[in-house]
Amino acid sequence: MSEDQHELIVSVSPHVRSDESVQRIMWMVSLALMPAFAASIYFFGIKALVVQLVTIAACVGFEAATQKMVGRPVSITDGSAFLTGLLLGFNLPANIPLYIPVAGAFVAVTITKHLFGGLGYNIFNPALAGRAFVLISWPKAMTTWMEPVKSITSMDAVTTATPLNIAKMEGIGKLVEKFGGASSMYGDLFFGGVGGSLGETSAVAILIGGAFLLVRGYITWHIPVSFIATVAAVAAVTGNDPAFHLLAGGLMLGAFFMATDYVTGPSTRKAQIVFGIGCGLLTMLIRLKGGYPEGVMFAILIMNCFAPLLDRGMRAKTFGAVEKKKEAAA
Amino acid sequence: MKTGTFERGTHPPDNKALTAAKSITEAKVPSRVIIPLSQHIGAPCAAKVAVGDMVKKGQVVGSADAFVSSPVHATVSGKVVAIAPFPHTMGRDIPAIVIENDGMEEWAEAIKEHSDWASLDAAALRDMVKAAGIVGMGGATFPTHVKLSPPKEKKIDCVILNGAECEPYLTADHRVMLEEPGAVVNGLKILMKIAGVSKGYIGIEDNKPDAVAAMEAVTKGDSSIEVYSLKVKYPQGAEKMLIKAIIGKEVPAGGLPMDVGVIVQNVGTAVAVYEAVRYGRPLLERVVSVTGRGINETKNLKVRIGTPLSQLVAECGGFKYDTGKVIAGGPMMGMAQSNLDSPVIKGTSGLLVLDPEESETVAHGPCIRCSRCIDACPMGLQPQMLSVLAEKGFYEEMKEYDLMNCFECGTCAYVCPAKRPIVQWVKLAKMSLARK
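Top line first, the protein sequences correspond to chains G and E.
Per this note's numbering, residue -12 is the first one in the first sequence, and the count goes up by one each step.
Per this note's numbering, residue 2 is the first one in the second sequence, and the count goes up by one each step.
Same shape as in the complex, but just chain G:
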């Protein structure tokens, strides 16, 4: 090939790019949620599958429709709407009427994400904002929990309360009694055989996914560790059972998969630690003193507002900055 037949492509450096992409990140995080997805079907049966599929379909559908409406390119293959659907579904009870997840998906994707500018621009975690909306709009349906059935085909729906709710209303002693002993309670909380939102009950399934994200570098320890450690510390200081507060409710899901959302959390590592501590403090404030038994969702949504401020105030040290200051002082 002689050079005069050769077409030259010109662009600004760098001329090589890593093979990481937004699309791959979204699908990898979705993959990391698969153990919890499987656990939800194991514990809550076919109903769990139906609720989650409807939620995912609604999120992807609203993404395509909204993007078409506002004239932006449709980007449903980037996995971001799928991931929002997965997370929103995880935050719903198994026996919820199906119009509720659809309404939640609308608020999550169309309002929280796209009306704020689309991927990368939203202030609030879309799945959590969607969940907050449906919780406030349909409080009864959103807090009618199903007893785990451990059968994929079962259509039985025996309602129950979440462990956090029982602990709040009747005291932890009563809860231990219900489980027939503390070790049995911790076991059920760890493996997920308790009432609660679909994807949050099995701590072990979430930890497997969280470990995958940590090992592959999709998230770092800063937010989950500071969030979880703060919850444990507050529980210990206030005379509550730290192990119970770690395993019950949505803490694990929130700490590994929701608070770590890139877009709505801070970007600098220092700010992420403060963000995690803030999430932990607010979670425990709500759990111990608030009207709701669980506080993870509101804690993360409130901290989302502070993310840009934290980033601005807690920047990393610039190379050569220390010497410069010394010089200025001298």
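What the hints contain is simulated information worked out from the structure, not anything from laboratory work.
All C-beta atoms in this analysis are idealised placements derived from N, C-alpha and C, irrespective of residue type, glycine included.
Take the hints with a grain of salt, since some may be wrong.
Unchecked claim - DMTMM-like cross-link-like pairs, simulated, lysine to aspartate or glutamate; straight-line CA separation at most 25 Å:
1. LYS304(G) <-> ASP376(E)
2. LYS304(G) <-> GLU409(E)
3. LYS232(E) <-> GLU7(G)
4. LYS420(E) <-> GLU157(G)
Unchecked claim - To spell it out: a stretch of chain G is covered by chain E in this simulated footprint if at least three of its residues, at any positions, have a beta carbon under 8 Å from a beta carbon of chain E; those stretches are:
5. 5 to 11
6. 106 to 112
7. 240 to 254
8. 294 to 306
As the list claims (entries may be wrong) - Label pairs and their calculated CB-CB ranges:
9. MET432(E) <-> GLY104(G): 26 to 32 Å
10. ALA90(G) <-> GLY92(E): 51 to 57 Å
11. PRO14(E) <-> PRO84(G): 27 to 33 Å
12. ILE289(G) <-> MET432(E): 27 to 33 Å
13. GLY249(E) <-> CYS292(G): 38 to 44 Å
Since the structure of chain G is provided, determine the placement of chain E on it from the hints.
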């Protein structure tokens, strides 16, 4: 042997196996050379010859009175056939002297050997470096004699030779260290003498253990020179990162290596310094790695300055495909070329030809604030904020995020999953601010 590294950075595939084992061979001397009057940072040269003049190899054909400048020389003997703006690897036309080669290879009379070079004093040596037109050959092209003339209040403690060659693909410095280790060390000793220091270091990335061994062998028993094997990480070869890795000091933001008592020179520059001092030869040729998956043969060529890029492509068997990207320099900081009539200049360390797939430009998406760029930026900046502000044209605000400390190494854009053109925006912002 000591080791060292710096904080953050990234690991692009090094692709050096394409040329690392290939000895330096002489490129064909072109039938005409194009000598740009500006091949350095600083004042451009004025032509000192006229069209029709006969010139000899090594003769000064362009110079400037300004201190921050560097003369240019005829790299062949022959006739000046044109003095006019000519395509340049920096992307715009720049005045150049075109010399038709008469094939005689006649040296200018002024070229003199100095067998007594070891006894020359610092001032004489520095003048020789200046007269030889030596500039930073790693790619920065800053005049070497200027770096060797720090203001009196800046005390220099050591000279560091940069053999990191952290740009993927490039192996020119690697081969120079393997094939001319004696010249590298002699060059370093001359640089140390000019700087008035008794300490010299050579920093090499540890993907070149043979180069580390070669440099250790020639410096054995000489306690004034230490060889450092540096962890492979981009951009280890950036001056500031090199200094941090070897002597542990951070050049202050906005400052220069001399602020921490260091002068950094590329290993190729050291060889040029030695040849200028020992043999009186100006900088007429340099080693260029011609490499990449888009060219038929890959080579490390010793090339006359002024050789058209197209000739190097022809000498390496031509292009493999009918489309691709041709880059002067490495893939992280090199310039994509739009015209292969441009000549090799003093700072051309490589000619990289990417294949069609590698050359594809991908559309960028919105920033998802994943922090990868923050974790990778060697300067500790927040490239993600710079990119978001630049996208909206908020150039003034970018200064608050240390825009001016960015040296455009491309690490952020390399790691960005949304493929955002962060370096392009940074360059644009700096240009817009400079124009104000």
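Starting from the hint 27 to 33 Å, judge whether the C-beta atoms of PRO14(E) and PRO84(G) obey it.
Once the Cβ atoms are compared, 53 Å apart, the range 27 to 33 Å for PRO84(G) and PRO14(E) is violated.
Is 27 to 33 Å a correct range for the gap between the Cβ atoms of ILE289(G) and MET432(E)?
violated, 42 Å
At the C-beta level, are GLY249(E) and CYS292(G) separated by a distance inside 38 to 44 Å?
holds, 41 Å
Apply the coverage criterion to the segment 294 to 306 of chain G and chain E: a residue qualifies when its Cβ sits closer than 8 Å to a Cβ of the chain, and three qualifying residues are needed.
holds (count 6)
Is the Cα-Cα distance between LYS232(E) and GLU7(G) 25 Å or less?
holds, 23 Å
Would the pair LYS304(G) and GLU409(E) pass a check requiring their Cα atoms to be no farther apart than 25 Å?
holds, 18 Å
So if I understand the rule, the pair passes when the alpha-carbon distance is 25 Å or less; does LYS304(G) with ASP376(E) pass?
holds, 12 Å
Using C-beta distances, would you say chain E covers the segment 5 to 11 of chain G, given that this needs three or more residues below 8 Å?
holds (count 5)
Given as covered by chain E, does the segment 240 to 254 of chain G meet the bar of three residues or more with CB within less than 8 Å?
Check passed, 4 qualifying residues.
Outcome, coverage hint (the segment 106 to 112 of chain G, chain E; C-beta under 8 Å; three residues)
Holds, because 3 residues of the segment 106 to 112 of chain G bring their Cβ atoms closer than 8 Å to Cβ atoms of chain E.
Is the distance from the Cβ of MET432(E) to the Cβ of GLY104(G) consistent with 26 to 32 Å?
holds, 28 Å
Please test the hint of 51 to 57 Å on the beta carbon pair from ALA90(G) and GLY92(E).
holds, 55 Å
The structure is inconsistent with the numbered hints 4, 11 and 12, although it conforms to all the rest.
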